[in-house]
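Start from the sequences, fold in the hints, and give me the full structure.
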Amino acid sequence: MKVKTAARAPALGGFPAVRLTLAAAIWVALYAVKGPVFDWLVYDALGLARSTRLADAVHFFLFDTFKIVLLLAAIIFAVTVLRSFFSVERTRALLGGRREGAGNALAAGLGVVTPFCSCSAVPAFIGFVAAGVPLGVTLSFLIASPMVNEIALVMLFGLFGWGIAAIYLASGLILAVVAGMVLGRLHLEKYVEPFVFETRLGGKAIDPSRQLTWGERVQMGVEELRTILAKIWPYLLVGIGLGAAIHGWVPQSFFLRYAGPGNPLAVPVAVLLGIPLYSNAAGILPLVEALHAKGLAMGTTLAFMMAVTALSLPEMIILRRVLKPRLIGVYITVVGAGILATGFLFNALL
Amino acid sequence: MTIKVLGSGCANCQRLENNVRLVLKSTGIDAAVEKVTDYGAILGYGVSSTPALVVDEQVVLAGRVPSPQQLETLLRGA
Numbered sequence: 072m073k074v075k076t077a078a079r080a081p082a083l084g085g086f087p088a089v090r091l092t093l094a095a096a097i098w099v100a101l102y103a104v105k106g107p108v109f110d111w112l113v114y115d116a117l118g119l120a121r122s123t124r125l126a127d128a129v130h131f132f133l134f135d136t137f138k139i140v141l142l143l144a145a146i147i148f149a150v151t152v153l154r155s156f157f158s159v160e161r162t163r164a165l166l167g168g169r170r171e172g173a174g175n176a177l178a179a180g181l182g183v184v185t186p187f188c189s190c191s192a193v194p195a196f197i198g199f200v201a202a203g204v205p206l207g208v209t210l211s212f213l214i215a216s217p218m219v220n221e222i223a224l225v226m227l228f229g230l231f232g233w234g235i236a237a238i239y240l241a242s243g244l245i246l247a248v249v250a251g252m253v254l255g256r257l258h259l260e261k262y263v264e265p266f267v268f269e270t271r272l273g274g275k276a277i278d279p280s281r282q283l284t285w286g287e288r289v290q291m292g293v294e295e296l297r298t299i300l301a302k303i304w305p306y307l308l309v310g311i312g313l314g315a316a317i318h319g320w321v322p323q324s325f326f327l328r329y330a331g332p333g334n335p336l337a338v339p340v341a342v343l344l345g346i347p348l349y350s351n352a353a354g355i356l357p358l359v360e361a362l363h364a365k366g367l368a369m370g371t372t373l374a375f376m377m378a379v380t381a382l383s384l385p386e387m388i389i390l391r392r393v394l395k396p397r398l399i400g401v402y403i404t405v406v407g408a409g410i411l412a413t414g415f416l417f418n419a420l421l
Numbered sequence: 007m008t009i010k011v012l013g014s015g016c017a018n019c020q021r022l023e024n025n026v027r028l029v030l031k032s033t034g035i036d037a038a039v040e041k042v043t044d045y046g047a048i049l050g051y052g053v054s055s056t057p058a059l060v061v062d063e064q065v066v067l068a069g070r071v072p073s074p075q076q077l078e079t080l081l082r083g084a
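Keeping their order, the protein sequence lines are chains A and B.
So the first sequence is numbered by this note's numbering: it starts at 72 and just counts up by one.
So the second sequence is numbered by this note's numbering: it starts at 7 and just counts up by one.
Errors might be hidden in some of the hints.
[Unchecked claim] Here are some, though not all, of the chain B residues that point toward chain A, as calculated from beta-carbon distances under 7 Å:
id : residue
1  : Y45
2  : G46
3  : L49
4  : S54
Derived by calculation from the structure, the hints in this document are not laboratory data.
Please read these numbers as outputs of a predicted model, since none were measured by experiment.
Even glycine gets a Cβ: it sits at the ideal position worked out from N, Cα and C.
Below, the structure written as structure tokens:
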């Protein structure tokens with residue numbers, strides 16, 4: 072029987088409707104005035120002449136930073152609250168003992184929505200194995216998690232519309248499912264560090280997604296927002312700065328000439344450039360927006376973005392604790408190949 | 007009261023430990039704080055989302071960093 076939230080301290084109790092409505096109203100107001108405010112700021116207050124490269128770049132930089140911070144705030148908050156209903160423990164319970172196929176699909180879907188800090192990668196991985204989740208299914212989860220970044224998803228929707236966002240989601244999921252199934256078939260258990268199979272999962276698992284009041288969920292949303300913004304602002308500024316420079320100084324259709332959809336090398340080069348780079352999805356999106364505006368094909372742009380965000384050195388280092396180098400190599404190859412395929416697919420379709 | 011902070015050294019785990027020490031200092035609660043980084047031990051508590059908080063061998067929280075106020079409520083209630 073559900074414990075009534077009234078039994079808890081009132082401040083953390085029911086749905087904080089008033090505060091949320093107020094916050095939403097302020098957000099909408101800020102979002103609505105951003106155009107006029109920054110036009111005034113750059114062209115009137117600072118006196119920069121329209122259509123000069125400097126003015127364009129400065130405007131892009133200020134306007135985009137403001138817009139992206141606003142969007143990020145809304146997205147991170149909403150996603151954190153939604154994710155508070157999911158947890159690795161609950162996912163593990165759902166996936167334990169599942170067979171391939173359906174298991175992979177469920178794992179991929181859960182990989183997208185389950186909150187998953189990369190430092191938890193090791194205990195989560197071990198926990199999955201100990202709970203009887205097949206290696207291939209676990210890998211589907213591990214691949215889906217970075218491939219479909221919720222921030223990137225919503226921002227793609229904002230920048231390019233439903234269609235692109237939906238294909239991003241679908242391709243990430245399909246890749247995670249197929250890769251997980253293929254890797255499962257290859258029986259790569261011997262490339263997992265032995266201690267993973269020897270560790271026993273003891274005690275009574277506590278599920279962080281249960282017993283949370285709405286007040287607590289909202290509070291988590293706000294804290295996560297603060298934490299993430301504090302962590303990523305350098306990436307954001309660099310990404311927006313690069314985007315602004317491209318916006319102001321790179322000639323229109325530059326990429327169309329050198330890396331257009333007709334050039335099959337564009338996608339592999341984009342992926343190869345993206346793999347060693349790492350950025351938070353939020354930081355890379357302004358750059359992506361600017362690249363696409365200068366004529367870079369959608370598929371190539373997306374491939375670049377996915378390569379940057381899905382394959383990261385820090386994550387590989389963490390995974391090294393549980394996966395031997397060969398399996399990590401396989402993981403990178405499979406995900407890289409999937410990104411390549413997605414890039415070509417998009418270029419062909421659009 | 008013995009408190010254990012389960013986590014393997016990422017920023018969140020450090021924040022939890024810092025918050026715990028802060029709350030202990032401000033409330034004057036007498037407790038020993040131990041940081042557990044060994045995965046075997048962490049999983050022994052059934053935890054797979056770090057950071058996690060164990061008070062007197064009971065897992066009271068896992069997967070997030072609570073605010074000092076929430077921590078205080080948790081520790082006072084334990």
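Consistency of the hints with the structure:
With 7 Å as the threshold, the beta carbon of Y45 of chain B comes within range of chain A, its nearest partner Cβ sitting at about 6 Å, so the hint holds. The beta carbon of G46 of chain B comes within 5 Å of a beta carbon in chain A, closer than 7 Å, and the hint placing it at the interface holds. Among the interface hints, the one on L49 of chain B holds; its C-beta lies about 5 Å from the nearest C-beta in chain A, closer than the 7 Å criterion. Hint on S54 of chain B holds. Least Cβ distance to chain A is approximately 3 Å, under the 7 Å limit.
Checked against the numbered hints above, the structure breaks none of them.
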